[in-house]
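Trainee: Single-letter residue listing:
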Amino acid sequence: MFERLVRWARRKSPWILHFNSGACNACDIEFVATLTPRFDVERFGILAKGTPRHADILLVTGPVTRKQADRLRRIYDQMPEPKYVVATGACGATGGIFRGLYHVVDGVDKVIPVDVWIAGCPPRPDEIIDGIVTCIQLMDEDARRGGREWRASREVSA
Amino acid sequence: MARVQGGERVTVGPPPAEELAVRLRGVEGVSDVVVQSSRRLSARLNPAHVRAVLLRLRDAEGCWHLSAISGVDTRASIEVVYHVSWRDGVVLSLKAAVPRDEPRIDSVVDVMPAANLYERQAHDLLGVVFVGHPDLRRILLNEDWPADEYPLRKDWKPDPKKRYGGPATGGDARG
Amino acid sequence: MAEVEIPIGPQHPALKEPVNFRVFVDGERVVRLDLDVSYNHRGIEKAAEARDFPRALYLIERICGICSHAHATNFVKGIETIMGVNVPRRARYLRVIVGELERIHSHLLWLGVAAHEIGFNTLFMYTWRDREIVQDILEAISGNRVNYGVNTLGGVRRDLTDGLRARILEDVRTLEARSRYYLDVLTQEETFLVRTRRVGFLSRERAEALGAVGPTSRASGIPFDIRRVDPYEAYEELPVEVITASTCDVLGRTVVRAREISESLRIIREAVENLPGGPISVPAPRAAPKGEVVSRYEAPRGELIHYIRTNGTDKVDRLDARTPTLANWPSVVDAMVGHYLADIPVVVSAIDPCLSCTSRITVCDLGDRTKSVLTWDDLRDHGIRFYRERRGV
Amino acid sequence: MEPYGFLVYLLVFPGLGFLVTFALFGEWFDRKLTARMQSRMGPPWFQPWADFVKLLSKEDITPEGVPRRLYASVPLFAFAAVASAFLYVPVVFPTSPFAFQGDLVLVLYLLSLPPILTFLLGWTSGNLFARVGAIRAVSQLFVYEVPFFIAAFGPAIATGSWSISDIASAQRSGLWFLFLQPLGFGVGLIGLQAKLERTPFDIPGAETEIVGGPITELTGRKLAIFHLAMDMALVTGAALLVALFLGGPTVPGVNEGLAAGALGFLVFLAKVLFVVFLLTALKTALGRLRIDQLVRWGWTVLTPLALVQLAVALVMAAGGIP
Numbered sequence: 001m002f003e004r005l006v007r008w009a010r011r012k013s014p015w016i017l018h019f020n021s022g023a024c025n026a027c028d029i030e031f032v033a034t035l036t037p038r039f040d041v042e043r044f045g046i047l048a049k050g051t052p053r054h055a056d057i058l059l060v061t062g063p064v065t066r067k068q069a070d071r072l073r074r075i076y077d078q079m080p081e082p083k084y085v086v087a088t089g090a091c092g093a094t095g096g097i098f099r100g101l102y103h104v105v106d107g108v109d110k111v112i113p114v115d116v117w118i119a120g121c122p123p124r125p126d127e128i129i130d131g132i133v134t135c136i137q138l139m140d141e142d143a144r145r146g147g148r149e150w151r152a153s154r155e156v157s158a
Numbered sequence: 001m002a003r004v005q006g007g008e009r010v011t012v013g014p015p016p017a018e019e020l021a022v023r024l025r026g027v028e029g030v031s032d033v034v035v036q037s038s039r040r041l042s043a044r045l046n047p048a049h050v051r052a053v054l055l056r057l058r059d060a061e062g063c064w065h066l067s068a069i070s071g072v073d074t075r076a077s078i079e080v081v082y083h084v085s086w087r088d089g090v091v092l093s094l095k096a097a098v099p100r101d102e103p104r105i106d107s108v109v110d111v112m113p114a115a116n117l118y119e120r121q122a123h124d125l126l127g128v129v130f131v132g133h134p135d136l137r138r139i140l141l142n143e144d145w146p147a148d149e150y151p152l153r154k155d156w157k158p159d160p161k162k163r164y165g166g167p168a169t170g171g172d173a174r175g
Numbered sequence: 001m002a003e004v005e006i007p008i009g010p011q012h013p014a015l016k017e018p019v020n021f022r023v024f025v026d027g028e029r030v031v032r033l034d035l036d037v038s039y040n041h042r043g044i045e046k047a048a049e050a051r052d053f054p055r056a057l058y059l060i061e062r063i064c065g066i067c068s069h070a071h072a073t074n075f076v077k078g079i080e081t082i083m084g085v086n087v088p089r090r091a092r093y094l095r096v097i098v099g100e101l102e103r104i105h106s107h108l109l110w111l112g113v114a115a116h117e118i119g120f121n122t123l124f125m126y127t128w129r130d131r132e133i134v135q136d137i138l139e140a141i142s143g144n145r146v147n148y149g150v151n152t153l154g155g156v157r158r159d160l161t162d163g164l165r166a167r168i169l170e171d172v173r174t175l176e177a178r179s180r181y182y183l184d185v186l187t188q189e190e191t192f193l194v195r196t197r198r199v200g201f202l203s204r205e206r207a208e209a210l211g212a213v214g215p216t217s218r219a220s221g222i223p224f225d226i227r228r229v230d231p232y233e234a235y236e237e238l239p240v241e242v243i244t245a246s247t248c249d250v251l252g253r254t255v256v257r258a259r260e261i262s263e264s265l266r267i268i269r270e271a272v273e274n275l276p277g278g279p280i281s282v283p284a285p286r287a288a289p290k291g292e293v294v295s296r297y298e299a300p301r302g303e304l305i306h307y308i309r310t311n312g313t314d315k316v317d318r319l320d321a322r323t324p325t326l327a328n329w330p331s332v333v334d335a336m337v338g339h340y341l342a343d344i345p346v347v348v349s350a351i352d353p354c355l356s357c358t359s360r361i362t363v364c365d366l367g368d369r370t371k372s373v374l375t376w377d378d379l380r381d382h383g384i385r386f387y388r389e390r391r392g393v
Numbered sequence: 001m002e003p004y005g006f007l008v009y010l011l012v013f014p015g016l017g018f019l020v021t022f023a024l025f026g027e028w029f030d031r032k033l034t035a036r037m038q039s040r041m042g043p044p045w046f047q048p049w050a051d052f053v054k055l056l057s058k059e060d061i062t063p064e065g066v067p068r069r070l071y072a073s074v075p076l077f078a079f080a081a082v083a084s085a086f087l088y089v090p091v092v093f094p095t096s097p098f099a100f101q102g103d104l105v106l107v108l109y110l111l112s113l114p115p116i117l118t119f120l121l122g123w124t125s126g127n128l129f130a131r132v133g134a135i136r137a138v139s140q141l142f143v144y145e146v147p148f149f150i151a152a153f154g155p156a157i158a159t160g161s162w163s164i165s166d167i168a169s170a171q172r173s174g175l176w177f178l179f180l181q182p183l184g185f186g187v188g189l190i191g192l193q194a195k196l197e198r199t200p201f202d203i204p205g206a207e208t209e210i211v212g213g214p215i216t217e218l219t220g221r222k223l224a225i226f227h228l229a230m231d232m233a234l235v236t237g238a239a240l241l242v243a244l245f246l247g248g249p250t251v252p253g254v255n256e257g258l259a260a261g262a263l264g265f266l267v268f269l270a271k272v273l274f275v276v277f278l279l280t281a282l283k284t285a286l287g288r289l290r291i292d293q294l295v296r297w298g299w300t301v302l303t304p305l306a307l308v309q310l311a312v313a314l315v316m317a318a319g320g321i322p
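Residue numbers (this note's numbering), protein chains in the order written: chain G, 1 to 158; chain Y, 1 to 175; chain B, 1 to 393; chain F, 1 to 322.
Treat the hints loosely; a few may be bogus.
Listed below are the simulated DSS-like cross-link pairs for lysine-lysine, each with C-alpha atoms no more than 30 Å apart in a straight line [what the hints assert, rightly or not]:
| # | chain 1 | residue 1 | chain 2 | residue 2 |
| --- | --- | --- | --- | --- |
| 1 | B | 46 | Y | 95 |
| 2 | Y | 154 | B | 290 |
| 3 | B | 290 | Y | 95 |
| 4 | Y | 95 | Y | 154 |
| 5 | B | 290 | B | 46 |
| 6 | Y | 157 | Y | 95 |
| 7 | B | 315 | B | 290 |
| 8 | G | 12 | F | 32 |
| 9 | Y | 95 | B | 315 |
| 10 | Y | 157 | B | 315 |
| 11 | B | 290 | Y | 157 |
| 12 | G | 12 | G | 49 |
| 13 | B | 315 | B | 46 |
| 14 | B | 315 | Y | 154 |
| 15 | B | 46 | Y | 157 |
| 16 | F | 32 | G | 49 |
| 17 | B | 46 | Y | 154 |
Honestly, the hints are just simulated from the structure, not real lab data.
Sequences are here, hints too, so could you generate the full structure?
Mentor: Structure, rendered in structure tokens:
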């Protein structure tokens with residue numbers, strides 16, 4: 001019974017830490033737009049937090065530039081378990097328009113494990129909210145099946 | 001356009017491009033002045049006279065703003081282009097060509113402080129050494145970028161074997 | 001309390017973008033400031049040389065998400081000057097309209113972030129709610145909220161239908177009422193005034209010497225606006241009133257931007273009302289003749305310069321984009337010494353830094369053992385003496 | 001009170017159970033109101049509960065080089081201090097069963113413990129931001145504690161007693177001290193806002209300047225308990241102001257029996273929510289002050305006002321006016 005309560009609580013109060021790993025800040029202003037009256041994510045209990053210690057989901061924007069890479073790693077390590085990573089936009093996925101440039105590492109998954117990718121350049125605020133909701137569902141599924149291991153098998157079979 | 005010759009700094013009403021060109025041709029170290037449009041001029045600059053010319057432009061000719069310094073690698077040489085602008089919108093681009101293998105030029109930071117950051121950018125990406133610059137350190141590239149490589153040079157290709165900084169773990173850190 | 005070095009950034013809630021300040025404070029007072037910005041340097045200039053014009057335009061538009069139209073228009077305008085292409089009047093008007101809309105959305109965005117910096121979240125929510133009106137118009141015109149992609153070589157890709165023009169005029173009316181309301185709030189709300197008056201002081205001489213541009217320099221009394229001084233696109237036919245303030249502080253920069261919103265609204269109404277007929281684009285050749293151009297644009301943050309060199313092929317030989325925030329960084333570092341730690345976010349946000357633009361500059365040291373260029377004025381010497389006495393260096 | 005009833009009083013009704021529920025309700029009320037004032041929707045009613053349970057289930061990290069037990073115990077101290085302070089504030093009947101002469105001073109002391117514990121938390125957590133936040137919390141503490149105490153003494157002098165319950169029941173006749181000492185209520189309100197470190201006084205936890213302030217390094221259970229303690233401080237502080245200035249759970253005319261209790265409780269809830277509404281309005285309408293401005297403003301405006309109020313109270317008490 002307590003297990004279900006904890007799962008419900010995690011679903012209802014995902015706190016997000018936004019990290020700009022060298023983006024053109026289009027995704028960043030779209031993420032900040034989700035906090036404002038028209039999209040208002042506080043309805044879902046989502047709060048934007050300042051310190052990695054308080055965050056559940058790390059929302060990374062931008063193709064990780066070489067200088068940001070180890071800082072991104074450090075921020076990820078500081079977050080308490082269970083932690084999830086959402087990579088925003090085409091840049092977050094593969095480096096997008098900046099793929100192959102000499103100072104870019106082409107994608108967030110080159111540095112830290114990513115759980116959800118959001119498409120778009122930049123994704124609209126409602127697409128970002130949809131990405132976060134997908135991440136919450138994934139979090140819920142993980143909690144129900146005890147951790148991430150089941151995902152590896154699913155990827156193989158899917 | 002009353003122009004007052006004289007030592008002390010007077011903000012002179014800047015003459016239109018053509019008249020400025022005429023007066024520029026008289027300046028020592030400046031050659032083949034070209035008027036591109038009503039508000040654009042370009043000229044070649046002898047690297048040795050960089051400081052003298054900019055000092056004169058600032059004091060006597062009333063140019064008030066060093067808008068930018070661009071480094072251009074023209075394979076034959078590296079051109080450091082000083083874009084100087086007047087209050088009425090005229091922009092003069094002074095091109096100083098320095099040899100590729102030993103790109104050295106005087107820094108103009110104490111003439112125009114705005115140059116501090118532009119020179120560091122040219123140094124970082126093209127390797128131009130600005131003599132007299134108080135704080136000439138790498139600007140853009142990350143800490144463990146190999147010291148002797150300048151990405152904006154035409155002949156530069158990323159060398160796969162070398163590490164240009166980046167993820168501490170390297171490789172694909174799948175979860 | 002001994003000297004404390006506080007790193008702010010590169011991950012920090014106040015900064016929407018990665019900049020790293022190493023601030024040396026004594027108690028709450030800032031003594032020295034190192035700033036390192038090159039976290040989003042991506043190497044765009046090198047990439048631009050490997051792409052033909054349409055693909056380069058797509059890339060250059062993504063140098064910065066907030067002023068993407070500024071970069072795109074400036075680049076396209078430069079190439080067209082080299083090619084000698086004559087863009088139809090209607091296309092020039094459309095570029096001005098989208099450019100001014102972008103200035104409004106950028107200023108409203110900044111107003112909200114600045115209010116958020118000093119904890120005034122209600123104003124942040126209000127300004128961003130009204131900014132959605134501008135975003136809707138931009139989406140109606142270009143189909144996208146950010147990175148509109150309206151420009152192409154030789155003109156514009158999207159046109160204004162009559163229905164859209166009527167809607168824009170109506171939205172401009174509501175926005176005008178809102179911008180008047182914000183101007184009142186900014187000049188009367190006590191806690192906002194207390195946190196911005198006489199903060200981040202930058203005298204006119206310092207602003208000129210350090211090469212500040214845009215609202216930052218106009219707030220120090222320098223009447224320099226590229227749209228007026230070096231008019232491009234349709235600004236010859238749409239004169240712009242240059243807005244300046246003489247208070248030289250963060251409050252001045254706020255007021256200048258707030259009044260620029262209403263000025264931009266006036267320009268948009270004028271441009272939409274007498275939008276000339278005719279085609280919206282002309283075919284442009286694939287390759288550009290050998291040549292160079294200094295293309296200037298008044299971006300929301302100040303003077304943006306693209307120095308473009310072409311070599312006869314369909315690719316750029318060299319593109320150097322000097323962005324307004326790069327010119328404004330020295331003045332923010334200069335305005336910071338002697339102030340309070342709590343003022344840093346406000347003063348930094350006062351120049352409305354667009355770090356994606358400025359991924360070009362890094363540590364600009366104010367004063368330590370190595371003598372720095374910015375040390376030749378008394379405020380700086382005081383900082384160093386103060387610093388040396390504390391540390392007995 | 002027989003021991004059994006005593007336990008119920010202590011743990012369930014006006015004690016811990018009610019306080020935690022009311023505190024979390026208070027936080028929702030505050031966040032929802034702030035959102036509505038900013039033309040936003042705001043969180044659902046169960047949000048504080050979800051936040052609390054989620055934080056309890058998170059991994060508990062203690063930064064190395066930090067004394068583990070001390071760091072984990074500070075939030076518990078804060079929780080205990082505020083919970084015990086709430087016992088002395090009358091909730092259902094005008095006199096709380098624990099009342100004794102001088103419980104006003106005890107409550108004031110217990111309510112000033114959380115800011116001191118915030119300092120301890122910030123200082124020991126080793127994080128630079130937390131350390132600067134801790135210093136700010138202490139410097140802010142000196143500024144508003146004095147006026148807050150003086151404002152609280154006003155009603156005590158008027159009724160000639162140091163017990164909150166006596167003060168509350170003295171206002172049974174409907175003549176609240178709010179009308180007699182409006183200045184005292186104002187200073188008390190601002191002092192409470194500063195004590196709870198809410199905008200315009202959230203300088204220690206200024207998110208945009210020093211990230212999380214003293215609680216930057218807190219995670220999991222510690223953060224949950226500390227966050228709950230601050231919510232309880234909000235409700236307890238508001239209840240204290242209600243008891244001192246708005247007549248606590250007294251309803252003019254209705255004196256005895258079950259009706260008085262029930263009605264008194266409802267009136268108490270309404271008054272507390274009104275005070276929380278005032279605090280939220282203050283928070284939404286103003287930006288954040290700088291620490292030096294707060295200190296200057298505190299000493300040049302807040303404290304003199306409180307002293308004036310105290311003088312007036314003394315004169316009135318001497319003159320025999322209730």
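Trainee: Does each hint hold? Answer for all of them.
Mentor: Comparing the hints with the structure gives:
Proximity of residue 46 of chain B to residue 95 of chain Y is assessed by CA-CA distance (about 21 Å); at most 30 Å being required, the pair is judged to hold. Restraint check for residue 154 of chain Y and residue 290 of chain B: satisfied, since their Cα atoms lie roughly 17 Å apart, inside the 30 Å limit. A distance of roughly 16 Å separates the Cα atoms of residue 290 of chain B and residue 95 of chain Y; the hinted pair therefore holds under the 30 Å criterion. A distance of roughly 18 Å separates the Cα atoms of residue 95 of chain Y and residue 154 of chain Y; the hinted pair therefore holds under the 30 Å criterion.
Among the hinted pairs, residue 290 of chain B with residue 46 of chain B is consistent with the structure: their alpha-carbon atoms are about 19 Å apart, no more than 30 Å. In summary, the hint linking residue 157 of chain Y to residue 95 of chain Y is supported, as the alpha carbons are separated by about 26 Å, within the 30 Å threshold. In summary, the hint linking residue 315 of chain B to residue 290 of chain B is supported, as the alpha carbons are separated by about 11 Å, within the 30 Å threshold. The suggested pairing of residue 12 of chain G with residue 32 of chain F holds, with an alpha-carbon distance near 16 Å, which does not exceed 30 Å.
Note on residue 95 of chain Y and residue 315 of chain B: the hinted pairing holds, with a Cα-Cα distance of about 22 Å set against a maximum of 30 Å. Between the alpha carbons of residue 157 of chain Y and residue 315 of chain B the distance comes to roughly 18 Å, so the proposed pair stays at or under 30 Å and holds. In summary, the hint linking residue 290 of chain B to residue 157 of chain Y is supported, as the alpha carbons are separated by about 25 Å, within the 30 Å threshold. About 16 Å separates the Cα atoms of residue 12 of chain G and residue 49 of chain G, which keeps this hinted pair within 30 Å; it holds.
For the suggested pair residue 315 of chain B and residue 46 of chain B, the alpha carbons sit about 12 Å apart, so the restraint of at most 30 Å is met. At roughly 14 Å between alpha-carbon atoms, residue 315 of chain B and residue 154 of chain Y fall within 30 Å of each other, so this suggested pair holds. Our distance criterion of 30 Å between C-alpha atoms is met by residue 46 of chain B and residue 157 of chain Y, whose separation comes to about 11 Å. The hinted pair formed by residue 32 of chain F and residue 49 of chain G meets the criterion: a straight-line CA distance of about 18 Å does not exceed 30 Å.
Taken as a hint, the residue 46 of chain B and residue 154 of chain Y pair is honoured in the structure, with Cα atoms around 9 Å apart against an allowance of 30 Å.
In this structure, every one of the numbered hints holds.
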